[in-house]
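So for the sequence shown, my numbering puts the first residue at 20; every next one is plus one.
Please note that the accuracy of each hint is not assured.
[Stated by the list, open to error] Keeping only pairs whose Cα atoms sit at most 30 Å apart, straight-line, the calculated DSS-like set for lysine-lysine is: (1) Lys-206 / Lys-46; (2) Lys-172 / Lys-46; (3) Lys-172 / Lys-206.
[Unchecked claim] Now the in silico label distances, taken between C-beta atoms and shown as ranges: (4) Ser-39 / Ala-82: 11 to 21 Å; (5) Ala-114 / Ser-202: 31 to 41 Å; (6) Ser-222 / Pro-122: 18 to 28 Å.
Read the hints as simulated data drawn from the structure, not as lab findings.
Backbone N, C-alpha and C fix where the C-beta goes; we use that ideal spot for every residue, glycine too.
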Amino acid sequence: MSEADLPERGWATRHGPARSWANLVGKPALFLDRDGTVIENIPYLNDPARVSLIAGVRETIAAFRDRGYAAIIVTNQSGVARGLVSPEQYRAVEAVVIQALGPGLVDATYACPFHPEHPWRKPEPGMLLAAAQDLELSLAGSVMVGDTLADMKAGAASGVGAVAHVRTGHGGEERAAVEAWASARGKNLPRTGFADSLGQLLSVKLDF
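Please construct the entire structure, taking both the sequences and the accompanying hints into account.
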């Protein structure tokens, strides 16, 4: 698929009944990278049968929801622009991810099908900013969780209050770069935490 065939804004899908979206106004969000954070990382995933949740993700997302957070997936999907994943395959995978997580757990998914550059493509903050505007969320109280430095930079650029890096997916190979980035930022927001996985996130001391 060529860039000319793609929508200018990327893809945004709201999950659940429309009446529930009004309840998100003013809430902070748990922004979640998808591949390598919520599900096992498979490059250019185009087969919904290969979707596999990482252990503990349901429980962690549910715990954040109990604390008043919205849950938003923000995912780079350059495989679409590269011609390796069709829009239909992406939608099929997305549907299985949401089904696997369970009803009512994720409020929306934002996806960037562009490559190599676009305002929505992490490390740019476009997906987070769009979600905050669309759903009237509070970025200052929000958290961005991901396995790459790009995820952390997107969170910081959007104005979230905290970012958390996980070792799953690309996290092991990117941990040193994220630590160096966090150290260079010093006491500047966002607060930065480190966990082995999303399932372990609640043990990270970030004043959630």
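### Query
Of the hints given before, which are not true for this structure?
Those not satisfied: there are none.
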